[in-house]
Amino acid sequence: MHELSITMNILNIVEENAIDLNAKTVHEIEIDIGELSGVDDDALQFAMQCTVKSELLNHALLVINKIPAKARCKTCNHEFDVSDYYAECPECHGFDNDIYQGKELKIKSITID
Amino acid sequence: MCETCGCGHPDNNITFRRPSHPHTHPHVHESSDDSHSRVIKIERDILAANKQLAERNRGYFEAKNIKTLNLVSAPGSGKTTLLVKTIETLKRDINFCVIEGDQQTMNDSERISATGAEVIQINTGNGCHLDADMINKAVKKLNVPENSVLVIENVGNLVCPALFDLGEAYRVVIMSVTEGDDKPLKYPNMFHTSDICLINKTDLLPYVDFDIAKAKEYALKANHHLRFFEISAKTGEGMNEWFDWLRGLK
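The listed protein sequences correspond, in order, to chains A and B. Going by my numbering, the first residue of the first sequence is number 57, and it counts up by one from there. Going by my numbering, the first residue of the second sequence is number -17, and it counts up by one from there.
Excised from the complex, chain A in its bound form (with noise of 0.2 Å):
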């Protein structure tokens, strides 16, 4: 259940955001959890629902942008979408890829009043 750190670290660094901009409420969190981030969007989701938030956060929405997997292979330079970590170059047939997209853990933007 790391995903309840995760959460207490989105709204931490969203109120602090807020409240720096004089925000009455947050409306939208806006985040990309990538395809290989291991982040379970469901999880991630009922976390934020069971956390005490402030006044600020309370009916913050969580929008989450799934961002899929991409590698690039070390031998032939080859670039292809994957959805774990021990995919196969399509070309080479290597294993050595560097995933280069698709573990991001970001907080985009969030929308306020």
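Simulated from the structure, these hints should not be mistaken for lab results. Note that the Cβ used here is the ideal one computed from N, Cα and C, for glycine as well. A hint or two may mislead.
Stretch by stretch, here's where chain B covers chain A in the computed footprint (C-beta under 8 Å, at least three residues) [to be verified]: (1) 61 to 75; (2) 86 to 95; (3) 98 to 111; (4) 154 to 168.
Use these hints to put chain B onto chain A, whose structure you have.
Just chain B, lined up with the frame of chain A:
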């Protein structure tokens, strides 16, 4: 965007573009549909606080020549027995300090303490992993001397600790032959982020269906650079290679 599954046309999904120059201040846009609402670009790594603290820990360890290992595994893989045997054998060559992570009890730290090594126990309560802040605090309490080896025994869990950098120099994943040989396929994040893989309890190989060659093949698929040690902490089989590797850290 589709309310059910989160899918949608990419153009609808993106609120605005990445700024062409680095911003240190929030970027404010007026939203078109509601003049009172503002969309503020944040662009911050959710685990930034942990990563920053982990780097601080790493810098401290490097400056003091403290070699730090983060031991991760499923519960019951034999981490503590491995650690006790390792410390007992090498304590004349290496000064060991240990941070023990468990949800509850002092049991593991008491076993380590009996070897004479300095140890501190972190009980995470309901927590499923250690984080860089816990290590930062524990290190201050433990007063780790220069030129020592600090071993962090993480909470037994192959999922959550994978995400949390503690500032270690090496992540060591341990699997035992009483588990399935497909562990690396089931928990690829942990194997992907580790440097060393210990396969423990090899004395039990004749009695279980564990296929070492297959386990290594699966682990190498998740991480091409993993280095393996096949060991039995109980009988001492294969432990010399592991000890040599640890001596090489100094």
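Consistency of the hints with the structure:
1. 61 to 75: Coverage by chain B holds for the region 61 to 75 of chain A (8 residues, Cβ < 8 Å).
2. 86 to 95: holds (count 6)
3. 98 to 111: Contact hint for the region 98 to 111 of chain A vs chain B: violated, 0 residues under 8 Å.
4. 154 to 168: holds (count 8)
Against the hints set out earlier in the document, a violation occurs for number 3 only.
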